Amino acid sequence: MSTQLDLQNLERTAYRATFQDGLFDAMLGLTMGVMSLLSWLEGIGWQRPFAYLILFTILTPIWIAFIALKKGIVAPRLGLVTFAAARRKQRRQLFWANILMVLLTLLMMVWGKQGRWGNLTDGGAMIIAGTIFITGFSVIAYFLDYPRLYLYGWLFALAEPLSMAVKTVIETPFPNGFTLIALVIFAVGLVAFIQFLRRYPLIENPYEQ
Amino acid sequence: MNNNNPPTLPIEEIDKLIHEPARLLIMANLYVLAKADFTFLMNQVGLTWGNLSAHMSKLEQAGYVHVEKTFVGKRPYTLFHLTDSGRTAFQQYRQTMQQMLAELPK
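Going down the list, the sequences are from chains A and B. The C-terminal position of the first sequence is numbered 212 in our numbering, with every residue numbered one higher than the one before it. The C-terminal position of the second sequence is numbered 111 in our numbering, with every residue numbered one higher than the one before it.
In isolation and in its complexed conformation, chain A is listed as follows (with noise of 0.2 Å):
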């Protein structure tokens, strides 16, 4: 049982309960490793329509059983929980946040088409990715009370000079950066999913039966 009586952060804990499971970090992982073999497939001569359907069909099936653990696993092992308003405002300030980040994201896809960024060069390219890796996961790790996710947006910020430093070392359009990193959040995240499943066993719970 717990020594301190902090109410703030009990329920900063109750909170991060929620996220501890690692199979947010493991659907992240590889959902990027996926997304990074775009580039594979379009090197070896795939148009981008097909690779994106190939994409969203491997991507499908794990997006729905991250849905399925969720509810079949964790739910029934952490419990459920409602949380007070102040989180519900938290949530749908990053919705918002979410949907301004996508905006700016294809605002300065839309001008590095247009060759507003003039003669950008790969480090330029690479600052201007990082950021918006950087900005982006650090928006979502500070309104979800996540911190690993600052790490992870320094991560994938990494991924693109980590590219061409694996390029040094063996000619190979794969694997590459995202792909490595998304490797290692996916590894952390099962190895947090197998803490959780030994942390939060199963328990008959006479109440609801």
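The hints are simulated quantities; they were obtained by calculation from the structure and are not laboratory data. Bear in mind the structure is a predicted one, so any value in this text is a computation, not a measurement. Worth double-checking, as some hints may not be accurate.
Cut-off 27 Å, straight-line C-alpha distance, at most; resulting in silico cross-link-like pairs (BS3-like, lysine-lysine) [as the list claims (entries may be wrong)]: (1) B:Lys79 with A:Lys73; (2) B:Lys40 with A:Lys74; (3) B:Lys111 with A:Lys92; (4) B:Lys74 with A:Lys92; (5) A:Lys74 with B:Lys111.
We have chain A; now place chain B onto it with these hints.
Same frame as chain A, but now just chain B:
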């Protein structure tokens, strides 16, 4: 002030139902959460099913906790949340304790 006089602490005002450490932790959790089910509370407060069940019954009898039976899909859930009087009692308990501890002689 005469040091021989006993301090006038509002000990009688302490809600003994909340003052018990396990129930205090349960009340504190329910105070910061909107609703929680039995399993979630058990994980958060670290009590066994039997202990938690006994404490919840006392809090429910006192009118501090409301029990709500619901279904998520086909699975039944028992959700708990603080009643208005439970919330007021917890706030009052905090106030009393803060006042009492502040007035304790060093």
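Evaluated hints:
1. B:Lys79 with A:Lys73: Status holds; Cα separation ~16 Å.
2. B:Lys40 with A:Lys74: holds (18 Å)
3. B:Lys111 with A:Lys92: Given that 27 Å is the threshold and the Cα spacing comes to 43 Å, the pair is violated.
4. B:Lys74 with A:Lys92: holds (26 Å)
5. A:Lys74 with B:Lys111: violated (53 Å)
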